[in-house]
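Engineer: Residues per chain, in single letters:
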Amino acid sequence: MGEVDLSVRLGPLRLRNPVVTASGCFASGREMARFFDLSTLGAVVTKSVTVEPCAGLPPPRMAETDSGMLNAIGLQNPGIDTWVERDLPWLVDQDVPVIASIAGKTADEYGLLAKRLRDVPGLAALEVNISCPNVEDRGIVFACRTGATAAAISAVAQVCDLPIFAKLTPDVADITEIAHAAVDAGATGVSLINTLLGMAIDVTTRRPKLAAGTGGLSGPAIRPVAIRAVHQVRHALGDVPIIGLGGACTCTDVLEFIMAGADAVAIGTATFADPMAIPAAVEGLTRWLRGQEERAIAQVRGTADTERTA
Amino acid sequence: MTVDAAVSATTGTLIATRPAGRYHRCSIAAPDVATAAVPGQFVAVEVQAPGTLLRRPFAIAGVDTAAGVLHLVVATVGAGSAWLVAQAVSTRLRLTGPLGRGFTMPADPGRCLLVGGGYGVAALEWLGARLLAAGHRVELLSGAATAQALYPVTRHDTVAGTVVETTEDGSSGQRGLVTDALGDRLRDGDAMVYACGPMPMLAAVAGITRRAGMTCEVAVEEHMGCSVGVCMTCVVPTVHGYARSCIDGPVMDASRIRWESVDPPREDGLRHG
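Order-wise, the sequence lines are chains C and X.
Each step along the first sequence adds one to the number in the numbering used here, with nothing skipped, and position 78 is 99.
Each step along the second sequence adds one to the number in the numbering used here, with nothing skipped, and position 80 is 156.
Derived by calculation from the structure, the hints in this document are not laboratory data.
Do not rely on the hints blindly, as some may be mistaken.
[Said to hold, decoys possible] Just so you have them, the derived chain X footprint on chain C, three or more residues with Cβ under 8 Å:
(1) 209–216
(2) 291–303
(3) 308–315
[To be verified] Residues from chain C that keep clear of chain X, each with C-beta distances beyond 10 Å, as calculated:
(4) A76
(5) P80
(6) M83
(7) E85
(8) P184
Where a beta carbon is used, it is the ideal one built from N, C-alpha and C, also for glycine.
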C-alpha cells in the first residue's frame, strides 16, 4: 500500500487536495483558524465582496429546514477596499490558495471588482458570483440568462488575467446552456451550484420565517440537485474545470461530487454544523483512497457509471 | 474582532441532568472548555434530533474547574433542547466552546447590579459568585412572568449579597417587572449593571441605565446558525453596523446596540433553542 496523492488540478491551479471552502461559509478565515490550520484546505473561497460596503438584510436571516437551511444574509461585507486592506493580506499569508468571490449589481461592477483584485499579490483565482438569490430584484440574477452571464463574465475576463470561475444557480431550465455562455465569455471554469431559492412559513404567526421572505436553500437537502448539475455540465462541456458544491458534508459526499465529474468540492453549510467538517473530509479521502486501486484522487474524477444516464 | 484561541471543538460526557425549576441543569465533563470559560460565554452542542442540522447554543451557567465540568441551564423550547435534556447520563456530546465574549470584570471593587430574566439568571449566578469572590458588592435581581418561570437561585450567600425576585403576576417575590426593581435600586447610587434575558428586557435595562448614566453590559439573545462567527445569522444592529452575537458578543456594551432596530422577539426558540 503506497502513499496516496490527494492533489488535483483545477484549470491552471494545483490544489494539495480537492476540498475547498464554499463562499460565504468561512468569513475572514481567522474565525476558523481557531479550529484547524488553514493549510489543511485545498483552497479558501472567500465570502462575496461588493464594490460598496453592504449591511446585509435584517434578521431573522436563517431558518433551519429538514436536512438543510434557508439563509438570507444579503451579501453583508465591508466592501472591496476595506476587505483588500483589512482581511485579504492575512489570508494570503496562510499557505493556502485564495479564490476571491465577487458580486456586482451590474456588469460594470464586476469589471470594477476584477480590476481592483487583478494585481493583489497572492490571489489564486476569482469566483464570480452571478447567482446569489438574496438580491432585491430577481431580474438581476445574471446566471438565470445566457446574455447576462456572458456580460458579467466578459467584463471580468477583459480586465483580469486570473483564472475565473463562474458560480451558477440550478434555478434554470438548462444549466449547461448557462455554463457554455460563461465559458464562451472567458470563464476558466464553473462552480456548481449556488443555493436554491426557497421559502419557509411559520404557521403560528403566518409569516415567512425569514425577514426577507425568501432565501437560499443549502445543506444535504440540495445535494442530489448539485450532483445532477455537475454531472450534466461535465458531460456537456468536456474537460471544463468544475468546483462542485451543494450539501457536501462528509468524505463520502466529496467522493460523490468527484465521481460525478467535479475537480474540486466545496464544503459550506456542513462547517456551520461542525467546524471540523472539512479537515474530517480530507482525512477521510486519504483513508478511502488507500483502499482503492487508484493512487491519486484525480483519477477518480468522473468515474461514476454514466452509460445509463448519458 | 475578537478571536479567542482558547476555543476547542471537542467531545464531552453528560454526567447529570437535574430539574431546576421549570428548566434543566445539564452537567457535562469537558475539561478543556470548563477550564477556559468565563461567565457570559456559551457552548454549541451537536444534537441528534430528527431533521436538525445545526449545533445548539447554550449559555454556560457555571463550571467546576477542578472536576472539568461545565453546567448548562436549558429551557426546552425546541427539538434540539428537548433532545439534550432527554439524554441519559454518560452520553457523549460533541460540542464547541467556550464561545463568544464574556462579561467584563470591573477594574476596581464596587457595586454590581445583576439583572436577569427567566433562566438568563443562571449565567448571572455564576458571574455573581466571581464578582463576590473578587470583592465587589453584588445585588442580583431575578424576574419572570410567574413563580414557575423564575430560575431557582440556589446558593444566595455565595452569589450575591442581596437577591430580589420579581414576578409579573405577583405569585412570588415583588409584583412587577424586574426592570422596575432595577430602577428602584439605581436610586441608591452608582453601579455597574450586567443583564441577561430576553431582548425586550435587555432593551429596557439599556434604557434605564443610559438615563441613569451607568455602564451596562448585556448578553444578547439572537438566533444563531454556526455559533462560531462565519455564517452571519445572529447579527444585532449596533452603532458600527450589524455585529455577530456569537463572536462579537454575546456580551456587548448596551450603549453600542441600536435598540430601536432590534427585531421583535420570536416564539420559535431564541438562542438557547
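Engineer: Compare the structure with each hint and give your call.
Structural biologist: How the hints compare with the structure:
{"no.": "1", "hint": "209–216", "result": "violated (count 0)"}
{"no.": "2", "hint": "291–303", "result": "holds (count 6)"}
{"no.": "3", "hint": "308–315", "result": "violated (count 0)"}
{"no.": "4", "hint": "A76", "result": "6 Å, violated"}
{"no.": "5", "hint": "P80", "result": "5 Å, violated"}
{"no.": "6", "hint": "M83", "result": "4 Å, violated"}
{"no.": "7", "hint": "E85", "result": "6 Å, violated"}
{"no.": "8", "hint": "P184", "result": "25 Å, holds"}
In summary, the structure is inconsistent with hints 1, 3, 4, 5, 6 and 7 from the numbered list given earlier, while agreeing with the others.
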